[in-house]
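Here is how the chains run, residue by residue.
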Amino acid sequence: MALLDLSALNPHLRRVPAWLVYGVLALPAPWLLYLGVTGGLGVEPIKALEHELGIWALWLLIAGLTVTPLRRHAGVNLLKFRRALGLMAFYYVALHLATWLLLDVQILSQIWADIVKRPYITVGMAGFLLMLPLVATSNSRAIRALGPRWRALHRLTYGVALLGALHFVMLRKGLQVEPLLYMCAVAGLLLLRLPGRRRVQRFA
Amino acid sequence: ALGIAGGLAAPARAEELEPNSFEDITNYCNYYEFGTGKDDPAKYADALTTEPWTVQIDGLVEKPGDYALTDLVGQMDLEERIYRFRCVEAWSMVVPWQGFELADLLDMVGVEPEARYVAFETALRPEEMPGVRYPVLEWPYVEGLRLDEARHPLTILATGLYGKPLPNQNGAPIRLVVPWKYGFKSIKSVVRITLTDTQPPTAWNKANPREYGFFSNVNPTVDHPRWSQATERRLGGGLFSRRQDTLMFNGYEEVAALYDGMDLAKDF
Numbered sequence: 003m004a005l006l007d008l009s010a011l012n013p014h015l016r017r018v019p020a021w022l023v024y025g026v027l028a029l030p031a032p033w034l035l036y037l038g039v040t041g042g043l044g045v046e047p048i049k050a051l052e053h054e055l056g057i058w059a060l061w062l063l064i065a066g067l068t069v070t071p072l073r074r075h076a077g078v079n080l081l082k083f084r085r086a087l088g089l090m091a092f093y094y095v096a097l098h099l100a101t102w103l104l105l106d107v108q109i110l111s112q113i114w115a116d117i118v119k120r121p122y123i124t125v126g127m128a129g130f131l132l133m134l135p136l137v138a139t140s141n142s143r144a145i146r147a148l149g150p151r152w153r154a155l156h157r158l159t160y161g162v163a164l165l166g167a168l169h170f171v172m173l174r175k176g177l178q179v180e181p182l183l184y185m186c187a188v189a190g191l192l193l194l195r196l197p198g199r200r201r202v203q204r205f206a
Numbered sequence: 063a064l065g066i067a068g069g070l071a072a073p074a075r076a077e078e079l080e081p082n083s084f085e086d087i088t089n090y091c092n093y094y095e096f097g098t099g100k101d102d103p104a105k106y107a108d109a110l111t112t113e114p115w116t117v118q119i120d121g122l123v124e125k126p127g128d129y130a131l132t133d134l135v136g137q138m139d140l141e142e143r144i145y146r147f148r149c150v151e152a153w154s155m156v157v158p159w160q161g162f163e164l165a166d167l168l169d170m171v172g173v174e175p176e177a178r179y180v181a182f183e184t185a186l187r188p189e190e191m192p193g194v195r196y197p198v199l200e201w202p203y204v205e206g207l208r209l210d211e212a213r214h215p216l217t218i219l220a221t222g223l224y225g226k227p228l229p230n231q232n233g234a235p236i237r238l239v240v241p242w243k244y245g246f247k248s249i250k251s252v253v254r255i256t257l258t259d260t261q262p263p264t265a266w267n268k269a270n271p272r273e274y275g276f277f278s279n280v281n282p283t284v285d286h287p288r289w290s291q292a293t294e295r296r297l298g299g300g301l302f303s304r305r306q307d308t309l310m311f312n313g314y315e316e317v318a319a320l321y322d323g324m325d326l327a328k329d330f
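As they're listed, the protein sequences go chains R and F. Position 132, counted from 1, in the first sequence is what the working numbering calls 134; the numbers after and before it change by one each time, with no gaps. Position 28, counted from 1, in the second sequence is what the working numbering calls 90; the numbers after and before it change by one each time, with no gaps.
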């Protein structure tokens, strides 16, 4: 049952082509790179670029997790854009990782040491690796070929979002507020999916 | 002695130290009392009232008391020291400080023979410091040095940079600078200095003793549990700047004798 009825938005949303979502979501990356080269990202542009790309990835992962609750509780259908949200989240994760490898650490031996020895990097890398099978099966042919197994496989996004938020919590010095808010958002969106909760609301 | 570049470092090494710009130094700060973002101190620290300013000096001293900063600084020989500044987060800058040797202040107040450590405390002003609403650290921020470290001629209390009064975000009106230790040891906006016979608690060590030791000497061979300390990025090089090797004691090898016989991997 919808908590809030926003289904009136659906006819407008249907008219938005998915390619536009890809296009718009792709733009912040070159813009950030431009800012980094021209001094617009401050004194430490490498860390700033790395952070901004990582935050974009988290935003899009969280946005992807809102699609189902929004449909279930507000009647808004964003299903058509979910693939774009997921793939663009991967786009930002990949750029974030590339920034870390090429601009931040730079040293090959240290990269491997960091992945193995630093838990927050291990967690981040695990999130990246979990995304690979999702990206590989994001096309319509794979959806048809995998059938019900596709849905099961794509529940990995829950793990990816949790690992992404955990990576953010762990990398800060001290327990800071901002990453904890992201963790709460991810946890909240996952709790909304618990079967018990759903049943309660259906009977309400 | 105004204008001694590099403090007591070898002149050859001092010459290669090109200070970061005033903009770099004042816009990329860790001063969590004003927020955990690097630009938060530059945005919010102007709310800090730095005049009048009193430093309480107590504990094992002959002349304890509340010292007005203006009186205190007036009795000291101010000089410029261009020091490398290495943050525990693996970035670094070069900063032209103005200040005086902590040893001179300790001599002025007279240290009792039993004293072995110096404890420092930062101002805690919830009405002026938006960051202290969050328990990121236990407030007030506290730091400490062993007495011989505090007396080392490289250890200064800074009151200015680039010939200007210290900007608030950099720890106005008076801060500690210990160039061979990670930056968080160089406590900002000092309101209290206490001589003690026991090792004082320090803010980051209390928050995470596994990651931050009491000594926290810059040491490329002892990694932070979450990142390597072997290299650092000197800020100001832009998006494509290269990392450089971190030097033992941040290049201030003359302090090595302070730690003779100590296992610096254990006492990190």
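The reader is advised that the hints may include incorrect statements.
As the list claims (entries may be wrong) - With a Cα cut of at most 16 Å, we get these calculated EDC-like pairs of lysine to aspartate or glutamate:
#, chain 1, residue 1, chain 2, residue 2
1, F, K226, F, E315
2, F, K328, F, D285
3, F, K100, R, D7
4, F, K100, R, E52
5, R, K175, F, E151
6, R, K175, F, D120
7, F, K105, F, E85
8, F, K125, F, E190
9, F, K328, F, E273
10, R, K119, F, E273
11, R, K175, F, E273
12, R, K119, F, D285
13, F, K125, F, D166
14, F, K268, F, E200
15, R, K175, F, D166
16, F, K100, F, E78
17, F, K105, F, D86
18, F, K105, F, E174
19, F, K100, F, E80
20, F, K226, F, E142
21, F, K125, F, E200
22, F, K226, F, D285
23, F, K125, F, E176
24, F, K100, F, E141
What the hints contain is simulated information worked out from the structure, not anything from laboratory work.
How the hints compare with the structure:
1. Taken as a hint, the K226 of chain F and E315 of chain F pair is broken in the structure, with Cα atoms around 29 Å apart against an allowance of 16 Å.
2. At roughly 12 Å between alpha-carbon atoms, K328 of chain F and D285 of chain F fall within 16 Å of each other, so this suggested pair holds.
3. With a C-alpha separation of about 42 Å, the suggested pairing of K100 of chain F with D7 of chain R is violated against the 16 Å cut-off.
4. Between K100 of chain F and E52 of chain R the alpha-carbon distance is near 15 Å, which keeps this suggested pair within the 16 Å criterion.
5. Among the hinted pairs, K175 of chain R with E151 of chain F is consistent with the structure: their alpha-carbon atoms are about 9 Å apart, no more than 16 Å.
6. At roughly 31 Å between alpha-carbon atoms, K175 of chain R and D120 of chain F are farther apart than 16 Å, so this suggested pair is violated.
7. Under the criterion of a C-alpha separation no larger than 16 Å, the hint pairing K105 of chain F with E85 of chain F is consistent with the structure, at around 13 Å.
8. For a cut-off of 16 Å, the pair hint linking K125 of chain F to E190 of chain F is broken: about 31 Å separates their Cα positions.
9. Proximity of K328 of chain F to E273 of chain F is assessed by CA-CA distance (about 12 Å); at most 16 Å being required, the pair is judged to hold.
10. Restraint check for K119 of chain R and E273 of chain F: satisfied, since their Cα atoms lie roughly 14 Å apart, inside the 16 Å limit.
11. As the CA atoms of K175 of chain R and E273 of chain F are separated by approximately 10 Å, the hinted pair is consistent with the 16 Å bound.
12. Distance restraint check for K119 of chain R and D285 of chain F: the Cα-Cα separation of roughly 10 Å lies within the 16 Å cut-off, and the hinted pair is therefore satisfied.
13. A threshold of 16 Å between alpha carbons decides the hint, and for K125 of chain F with D166 of chain F the separation of about 14 Å falls inside it, so the pair holds.
14. At roughly 8 Å between alpha-carbon atoms, K268 of chain F and E200 of chain F fall within 16 Å of each other, so this suggested pair holds.
15. A hinted pair counts as satisfied when its Cα atoms are at most 16 Å apart, and K175 of chain R with D166 of chain F does not qualify at roughly 34 Å.
16. Taking the CA atoms of K100 of chain F and E78 of chain F, the gap is about 27 Å. The hint is violated against a cut of 16 Å.
17. Note on K105 of chain F and D86 of chain F: the hinted pairing holds, with a Cα-Cα distance of about 14 Å set against a maximum of 16 Å.
18. For the hint pairing K105 of chain F with E174 of chain F, the CA-to-CA distance comes to about 42 Å; that exceeds 16 Å, so the pair is violated.
19. Between K100 of chain F and E80 of chain F, the direct Cα distance comes to roughly 22 Å. Violation of the 16 Å bound is thereby established for this hinted pair.
20. Restraint check: the Cα-Cα separation between K226 of chain F and E142 of chain F comes to about 11 Å, which is no more than 16 Å; the hinted pair holds.
21. Simply put, K125 of chain F and E200 of chain F have alpha-carbon atoms about 29 Å apart, too far for the 16 Å limit, and the pair is violated.
22. Taken as a hint, the K226 of chain F and D285 of chain F pair is broken in the structure, with Cα atoms around 36 Å apart against an allowance of 16 Å.
23. As the CA atoms of K125 of chain F and E176 of chain F are separated by approximately 15 Å, the hinted pair is consistent with the 16 Å bound.
24. Restraint check for K100 of chain F and E141 of chain F: not satisfied, since their Cα atoms lie roughly 28 Å apart, outside the 16 Å limit.
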